[in-house]
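Residue numbers (the numbering used here), protein chains in the order written: chain A, 1 to 519; chain B, 1 to 705.
Don't take every hint at face value.
Which stretches of chain B does chain A cover? Using the computed rule of at least three CB atoms under 8 Å from a CB of chain A, they are [unchecked claim]:
#1 117–130
#2 167–175
#3 199–207
#4 596–602
These are computed hints drawn from the structure, not numbers from a lab.
A virtual CB, placed ideally from N, CA and C, is assigned to each residue, including glycine.
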Amino acid sequence: MRRERVQWSNIQALVMSGFPALRYAAYVLFRFEEGPPGPQPHASEWLWRLCQRVTTAAHVGTGDVPQACRYAASLADLKTLTERAAPPADIWALNVAFTPSGLSLLGATDAELGRFSAEFQNGMAPPPDADGNPRRRSSLLGDLGANSPQHWSWGGWSACNRFDGVLMLYARSPASLRRLVAAELEAMRGVASPVWCRTDAGGCARFAQGRIYPRAAGHFGLVDGISQPVIEGTPRARSMPRSLRAVSVVAAGEFVLGYRDTRGAVVRYDDPAVPGSRDLGRNGSYLAVRQLEQDVEGYRQFVRDAALRLLGRDDQDAFDWVAAKLLGRRPSGEPLIPPPADCRDEEQRLNGFRFSAEDRDGLACPLGSHIRRANPRDVVGPDPETALRLSRMHRLIRRGRSYGPRERRPGAGAAGVERGLFFICLQASLAGQFELVQHSWINNPQFEDLGGDVDPLSHVSGDTLTIQSRPSNLRLTGRTPFVRVKGGGYFFLPGLNAMRALSEPGLAHGRASQALAAH
Amino acid sequence: MGPGYTTIIAPLAGDTALALKDYLRTSANPGPPAAPGQGLRCREDFPFDGIPTLHFCSLLVLDADPEAGIPAELVLEATFDGDRDAFLDDLLASAPLGMQRAFAHCRGYPLAGAPPVGESLSPAQREAFHAYLSSHDVGASAFFSGSFGRTVAQIRDEHRLRTALREDLARQRLGPKPMPPTNAALQGSLQERVAADPTLDFARTPAPEPWPIRWREGLASVTGWALLAALAGVGALVLAAAGLGPWRLWHGAARVLEVAHAASAAVIAGGWPGVGGLMAAWPVLSGFLALLLARIALRAWELHVETGSADPHRQSSLSAALAQGLSFVRLALSALLVQYLLVLLAVTLLPGLEAEAPAARNEIAAVRGALGLAGQPGVRTTLLGLAAVLLLLALLAWTAGSLALAGERDPARFALARRLAAEHVAMLKIAGLVAAAVLVLRPFAPALEPVLRELALLPRLLALAMACAAAGLAVAFVAEVVLLALIRSHEIHDCFAYHSADELMRVPLANDAARAREERATNITQNHLASLTYVKPGAFRLLLLRATLWFIGLLARYWFNQGSLGGISTILSARWVVIDGGRRLIFLDNYGGGWESYLNEFIDMGAVKGLNAIWCNTFIKWRPPGAADGARRIAFPATSFSTARGAQSEGPFKRYVRASQLETLAWYGAYHTLSIRGINTSSGIRRQLFQPLESHEVDALVSDL
């Protein structure tokens with residue numbers, strides 16, 4: 001098969017990097033000002049200028065964004081990068097994503113919009129039906145009960161339901177981030193305004209702030225973001241050892257539209273029958289964003305209780321043992337499946353393991369642990385090789401960050417402080433990737449025939465937990481959730497080609513009317 | 001035996017489809033369970049849970065198609081234990097009101113006019129209603145059950161057993177008492193748990209195993225041999241027609257020698273002095289080697305096609321079909337190889353062979369001379385020859401052992417070459433054994449001749465049978481090529497006759513939530529999918545569809561009866577029914593998991609071939625939103641040779657399924673939180689619990705708890 005060239009300079013940088021060196025982030029939800037129907041010269045002009053500020057994947061690793069922003073090649077890199085002393089210059093990154101209404105207001109026709117996936121068009125939380133029952137999507141994602149979109153602070157059924165897009169801004173220091181946000185708000189004045197979100201405390205937050213904390217550990221104290229898919233054809237994919245490549249390397253089309261995916265198909269959004277039709281999907285990627293509130297005290301309590309019941313003690317070792325069994329890795333990120341003795345490659349050690357060959361029974365890494373559910377590798381399928389191939393179609397590029405202040409000392413957190421995870425993942429198919437992972441694996445009580453367990457970490461329902469062990473399994477019942485969904489939405493991260501294509505008619509219109517006025 | 005099933009399809013009398021749909025949605029569809037772990041909450045009109053033998057039941061309405069002259073129809077689908085009549089009686093006894101209210105909409109409804117009665121029907125009424133229902137039962141063209149041979153009670157009991165053991169074990173594990181010290185004691189403690197609970201008494205006796213499961217493998221191999229025998233019969237007829245009757249083939253041994261000699265006689269005549277003796281043996285050896293090499297090459301290609309890629313997206317169906325079809329050549333080559341061994345045996349062991357094949361007299365003498373068999377051999381020659389043959393055999397045995405070990409160590413590495421080598425090593429072993437037999441028996445040849453003549457019948461018969469089978473397979477291959485060509489021509493024709501499924505990609509399909517049932521709290525683990533498609537017109541398509549369904553139904557019953565249908569192990573109970581006089585195909589499927597992941601399994605695994613083979617014969621009538629013109633005929637995504645591509649184009653395929661999907665108005669599942677995998681594991685636990693087990697088997701048993 002012919003190798004395809006990926007147009008990195010047309011793809012937003014988030015696909016390539018989570019900007020680990022830019023530890024401060026702001027997510028600004030915005031809504032376009034309603035204008036007269038027809039092309040919107042102001043919005044077009046804003047979008048056109050924004051194209052020049054958007055960080056692209058081609059910038060990653062070049063002078064524009066420091067080398068450090070590339071994928072952290074290993075856990076060691078991840079640590080040193082994020083703990084490095086204050087940066088010298090004011091370095092930042094900017095990406096932008098839109099909802100269907102945003103694309104429509106920017107001038108995408110109904111026919112063009114109709115080609116985007118149905119999940120994107122319906123949104124993450126479609127309003128309930130006439131009888132008040134939640135829609136298919138809500139139950140598919142597990143957004144029921146306390147997690148129902150009814151209670152969300154954004155993106156749900158009630159307040160701030162409509163937003164047209166999100167600006168994702170990344171900087172190296174709080175001051176730098178403030179300047180960046182102010183500049184961007186200024187730039188969108190008259191075109192769009194930020195959406196205010198309801199918080200539990202009753203106040204309003206203008207935007208969510210994301211943080212990468214030292215050692216890349218989240219609020220639960222677990223190092224995150226170790227296993228990420230690597231796009232086929234990138235230098236990093238080529239330099240990988242063969243066995244690791246089978247686990248990590250995934251076709252570009254699984255994340256970016258317009259390229260070959262694992263099945264060899266290419267998704268195109270233009271109409272071959274209509275000459276000159278625009279392909280607004282090409283080089284773009286779908287974003288699933290979820291705000292997950294984490295009850296740190298509840299989590300600690302649960303792990304302590306579990307340690308007491310399972311091991312009879314609740315010291316740090318026992319605590320870490322239980323935490324590791326929930327996650328599937330040690331809190332430091334070390335895998336629970338021991339690497340081969342002769343393994344020298346750091347990444348191979350952290351990420352090269354396979355479940356079927358090395359831990360089929362889940363005695364090391366429990367069958368229902370978080371990492372096994374999120375990426376079952378070579379487990380779900382008729383044989384390991386097929387399973388590994390199938391699992392490559394359901395990988396997510398995760399770009400989430402923590403939000404809210406870090407708890408300084410265990411138990412010292414002030415009540416009412418909101419903290420959690422701003423989960424962001426990228427994929428080419430929301431249904432086949434985010435939704436499938438969520439429904440068939442994370443929230444599936446029948447996963448690996450466990451009969452009742454759901455994901456122990458992002459767990460939102462269910463009340464049992466099974467840890468495979470000998471002579472018999474360890475089972476706990478009576479859990480209460482410590483993660484709550486607080487908001488979410490589906491966005492599209494367009495390619496720069498699509499952003500330029502969207503801004504051009506408006507610009508032409510604007511220039512024409514200016515010319516008319518000059519006469 | 002497998003579960004019973006019924007598919008009752010009754011046409012509606014008037015234009016009341018909407019009212020009926022509404023009624024079924026609100027008064028037949030069970031609600032979510034009151035509490036986790038409980039059964040579905042059935043409605044008053046349809047207390048499905050009152051029928052203890054019912055696995056699954058669904059009700060839906062097919063819309064009228066005035067264009068085709070098909071009225072709206074009510075469909076009742078049920079999977080149950082026991083026979084149909086008992087089930088219909090149970091259904092009428094427990095849901096008299098609902099059944100009357102639903103079927104009152106139907107044409108020819110026997111109790112028309114009488115107001116629905118809430119209590120039980122009178123015997124006469126029940127009989128009339130029963131007769132009406134059974135006269136509208138269309139059964140299934142193909143039926144699959146994921147828990148073949150297990151009753152509702154058994155599935156529930158075994159789940160209860162597993163849950164009880166699981167909870168007990170968990171308590172014991174975390175309790176103050178130490179766990180049993182050995183695995184045998186652990187198994188004993190589980191058995192005690194069962195003994196302590198009278199409600200688990202059933203677990204002491206193993207569940208009956210239906211014969212299609214027990215004799216599954218024997219049945220399959222018997223069928224395979226029978227098929228081959230039938231083909232051999234066909235082959236014999238064809239050969240006889242071609243002038244190669246059984247009698248001529250019977251004397252083929254000598255003929256093979258003649259033919260082989262004719263080809264190389266010139267070489268020998270040309271004379272390479274000194275090697276003349278060896279060259280004289282050449283006709284035998286060169287023929288053998290050439291045949292062996294040809295067979296190796298053919299088999300290598302076959303294996304390459306067969307195992308080249310486990311990924312159906314990368315497999316070529318045409319070369320697979322060719323490889324399968326060309327297996328007759330392989331068989332013919334094998335037959336010739338056997339013939340060669342036979343010739344070797346005959347030449348060396350039968351002194352009177354010349355008399356039997358006078359035409360080959362000179363050649364036989366030459367071969368004997370070359371092999372040093374002209375006179376009685378010395379003991380030394382025999383021993384030396386025997387030693388050489390034994391060395392060769394030892395070498396072959398060592399090679400075979402190494403190949404097997406290498407396979408165990410890394411199954412994926414050189415899998416193809418290993419399989420090829422192992423096969424031919426085994427063949428060479430047989431040749432070596434034959435040679436050894438020759439060497440050992442030859443000194444006694446004159447004395448043994450009558451016995452050997454009798455014995456030589458066997459390999460001769462084998463060679464004859466193989467030749468006939470090869471001819472039969474060749475005939476089958478020609479038939480296959482013709483069939484494939486026919487299918488292909490229809491496929492090409494359909495590209496022009498129908499709209500492409502790609503058109504569905506351009507518009508967002510409305511109302512998919514109503515069709516997929518994952519949206520409802522009743523269908524989180526198990527789901528229902530109802531799909532209605534039209535069969536492409538023409539006798540060929542209908543015949544192809546019916547043949548495919550018949551074959552799949554056969555496979556589902558006798559081969560795929562252990563929980564997985566062609567590698568898909570999420571189907572609980574599925575049926576395909578050709579209805580309306582062969583004009584439409586309805587597919588009713590109770591499956592586990594989500595719609596998206598369920599369809600992905602088909603797209604990405606080998607089962608896609610079966611799916612394509614069925615639905616490539618169908619199209620749907622689809623009205624684009626906002627279009628003024630009538631419905632468009634959209635064909636199933638283009639297949640190639642009926643099994644390849646098709647559903648593998650994910651987007652159009654999923655849209656096609658969505659567009660063909662009907663709303664399941666009411667759905668009931670007796671064990672709605674269980675998966676096929678879970679059901680099968682629970683059965684395994686019950687089967688093993690009271691068996692004497694090895695330590696590792698106890699480990700495996702306990703790890704499932």
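These are the hints, each one checked on the structure:
1. 117–130: Check failed, 0 qualifying residues.
2. 167–175: Holds: 6 residues of the stretch 167–175 of chain B have a Cβ under 8 Å from chain A.
3. 199–207: violated (count 0)
4. 596–602: Coverage by chain A holds here, the residue count being 3 at a Cβ distance below 8 Å.
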